[in-house]
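Peer 1: Sequence:
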Amino acid sequence: MKSYDDLLSKAYSELPELMQGDDRFTIEKVKGHLEGSKTVISNLKQIAKGLNRDPEHLLKYLLRETASAGKFRGDSAIFAAKIGAGTFNKKIKKYASEFVICSECGKPDSTLDVERGGISYLKCQACGVKKPVKSIK
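Going by the working numbering, the sequence shown opens with residue 1432, and the numbers climb by one from there.
No lab work stands behind these hints: they were computed from the structure. Wrong hints could be hidden among the right ones.
[What the hints assert, rightly or not] Only pairs whose alpha carbons sit at most 16 Å apart, straight line, appear in this in silico EDC-like list of lysine to aspartate or glutamate:
no. : residue 1 : residue 2
1   : K1502     : D1485
2   : K1521     : E1445
3   : K1476     : D1506
4   : K1441     : E1459
Full structure from sequences and hints, please.
Peer 2: Here it is, written out as structure tokens:
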């Protein structure tokens, strides 16, 4: 008969990576496939929801960063180029550091507001900091 510690270690080793640790903010990995010369990301809207951002804003950022054309078709995002999942995951992490995570307290509890004049601000709900962020056109 196995000891409690052995069973506990076995249970922890079988947990998915997202369940381990105490970090409450995780970014979902992209799920997609290639269709000819196009890349289809099937969960971009869910990723944007997890980041608490508008899916169109995230899509515009990724299109600019990958120098590709694209659009949403239903729940999927279509990119007019072959782009690897690793590239998308890096770009989404960069997006989160620029447009989601507060530079002062490091928490993801923020909103993205556009004020008069078209200036975008990241407003932290945790510490109250408000800082301008670059616009995505």
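Peer 1: Confirm or reject each hint.
Peer 2: Going through the hints against the structure:
no.	hint	verdict
1	K1502 <-> D1485	holds (14 Å)
2	K1521 <-> E1445	violated (26 Å)
3	K1476 <-> D1506	holds (7 Å)
4	K1441 <-> E1459	violated (25 Å)
Violated hints for the displayed structure, listed by number in ascending order: 2, 4.
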